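Turn these sequences into a full structure, and let the hints steer you where they fit.
Quick note, the sequences are listed as chains W and X, same order. If you count the first sequence from 1, position 83 lands on 83 in the numbering used here, and the numbers rise without skipping. Here the numbering used here runs 183 ahead of the position in the second sequence, where the first position is 1.
Bear in mind the hints are in silico, worked out from the structure with no lab data behind them. Check before you lean on any hint, since a few could be wrong.
Restraint-style ranges between C-beta atoms, simulated for each label pair [unchecked claim]:
1) X:N341 / W:D82: 37 to 47 Å
2) X:G281 / W:I2: 45 to 55 Å
3) X:D198 / W:T51: 23 to 33 Å
4) X:D320 / W:G159: 20 to 30 Å
Here's a subset of chain W near chain X, in silico, CB distances under 7 Å, partners left out [said to hold, decoys possible]:
5) G108
6) P112
7) L134
8) D137
9) E140
10) I168
Source: prediction; values computed, not measured. Note that the Cβ used here is the ideal one computed from N, Cα and C, for glycine as well.
There are 2 protein chains.
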Amino acid sequence: MIKRTHFELLWQQEDSWRLRLDTLQLANGRTLQKAAVEHPGAVVLVPLQQTANGPQILMLHQYRHVLGQTILELPAGTRGWDEDWLLCAQRELREETGHRAETFTPLGQLWPAPGISDELMQLYLAENLSPAPLPGDDDELIEIVPMFLDELVEMCWNGRLQDAKSIIGILRTARHLNIQTSL
Amino acid sequence: MIKRTHFELLWQQEDSWRLRLDTLQLANGRTLQKAAVEHPGAVVLVPLQQTANGPQILMLHQYRHVLGQTILELPAGTRGWDEDWLLCAQRELREETGHRAETFTPLGQLWPAPGISDELMQLYLAENLSPAPLPGDDDELIEIVPMFLDELVEMCWNGRLQDAKSIIGILRTARHLNIQTSL
Numbered sequence: 001m002i003k004r005t006h007f008e009l010l011w012q013q014e015d016s017w018r019l020r021l022d023t024l025q026l027a028n029g030r031t032l033q034k035a036a037v038e039h040p041g042a043v044v045l046v047p048l049q050q051t052a053n054g055p056q057i058l059m060l061h062q063y064r065h066v067l068g069q070t071i072l073e074l075p076a077g078t079r080g081w082d083e084d085w086l087l088c089a090q091r092e093l094r095e096e097t098g099h100r101a102e103t104f105t106p107l108g109q110l111w112p113a114p115g116i117s118d119e120l121m122q123l124y125l126a127e128n129l130s131p132a133p134l135p136g137d138d139d140e141l142i143e144i145v146p147m148f149l150d151e152l153v154e155m156c157w158n159g160r161l162q163d164a165k166s167i168i169g170i171l172r173t174a175r176h177l178n179i180q181t182s183l
Numbered sequence: 184m185i186k187r188t189h190f191e192l193l194w195q196q197e198d199s200w201r202l203r204l205d206t207l208q209l210a211n212g213r214t215l216q217k218a219a220v221e222h223p224g225a226v227v228l229v230p231l232q233q234t235a236n237g238p239q240i241l242m243l244h245q246y247r248h249v250l251g252q253t254i255l256e257l258p259a260g261t262r263g264w265d266e267d268w269l270l271c272a273q274r275e276l277r278e279e280t281g282h283r284a285e286t287f288t289p290l291g292q293l294w295p296a297p298g299i300s301d302e303l304m305q306l307y308l309a310e311n312l313s314p315a316p317l318p319g320d321d322d323e324l325i326e327i328v329p330m331f332l333d334e335l336v337e338m339c340w341n342g343r344l345q346d347a348k349s350i351i352g353i354l355r356t357a358r359h360l361n362i363q364t365s366l
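Here it is as structure tokens:
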């Protein structure tokens with residue numbers, strides 16, 4: 001049994017996630033301090049459009065400050081603490097891709113980093129897209145990159161796609177659409 | 184362009200990850216403070232044993248303090264800052280499952296949470312297991328649960344497995360072994 005005997009707030013990221021410092025007492029009597037991210041959750045979007053050459057996903061090239069590099073990933077965004085999940089998905093899709101979608105299909109939930117953070121990610125397939133931009137965050141550097149789903153599935157297998165939420169969103173989408181890429 | 188104008192250390196988790204607070208200047212002149220986790224990286228293990236009824240994976244039921252619940256996941260562990268990746272994989276396998284493996288096959292790398300953390304995870308398939316326990320961390324509550332690979336693949340698709348690193352490790356393993364589960 002692990003018991004929390006004390007906690008304090010270490011850091012609050014604007015009105016979003018915060019870092020809490022817990023003092024824990026272990027079964028053997030030892031106490032330790034452990035930091036934990038309290039996170040409001042996030043949505044991950046798979047914006048899909050049909051083309052003459054097969055289904056395409058609107059991917060992003062996004063500069064990730066903490067990595068110091070631009071990476072390939074699905075659109076995603078942090079939920080407001082009291083925000084409805086579907087409304088969050090609709091808002092983030094417009095902010096990050098400039099599109100709205102007629103249909104949102106849930107593709108399950110993820111814990112990206114349960115050793116450090118309680119963040120829960122909700123995946124959505126977004127279909128029947130049309131232009132409807134909203135201004136994005138000014139601290140995000142984003143470029144939209146449409147890519148074919150079959151190429152992305154191959155990148156999930158060969159390791160060229162490294163972002164965890166994106167790998168799972170792409171593979172669940174291919175499975176949902178019943179695309180017969182042999183596992 | 185986003186420029187870092189200042190940084191400080193907010194928290195150091197024992198000799199492991201630390202939280203840095205960056206002051207950033209955006210292209211439009213606005214400055215903001217953003218916290219970033221500096222992480223030494225981690226290994227994710229897929230310990231596989233052949234049985235008369237098909238391949239089995241040694242999964243864990245692990246209590247995750249930050250989630251307040253026990254979850255199903257692959258064995259994994261944080262690397263020491265200067266530790267060799269393969270030595271880390273060998274050590275964590277013995278600590279968390281009580282087994283050594285004769286062969287470790289890399290299955291690619293992941294970023295679990297690139298919005299907050301620079302953590303890189305290296306996946307390994309671990310085969311030809313034999314008992315060789317090492318003492319684990321006293322702050323970890325772990326139970327080993329052998330499960331059939333085909334059942335785990337199904338849990339990756341239907342959403343019953345929610346831990347991101349585990350979903351990707353299981354699916355890459357099935358793909359590597361060329362198990363014909365239709366995607």
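Cross-check of the supplied hints:
no.	hint	in the structure
1	X:N341 / W:D82: 37 to 47 Å	violated, 29 Å
2	X:G281 / W:I2: 45 to 55 Å	violated, 21 Å
3	X:D198 / W:T51: 23 to 33 Å	violated, 51 Å
4	X:D320 / W:G159: 20 to 30 Å	holds, 29 Å
5	G108	holds, 3 Å
6	P112	holds, 5 Å
7	L134	violated, 18 Å
8	D137	violated, 10 Å
9	E140	violated, 9 Å
10	I168	holds, 5 Å
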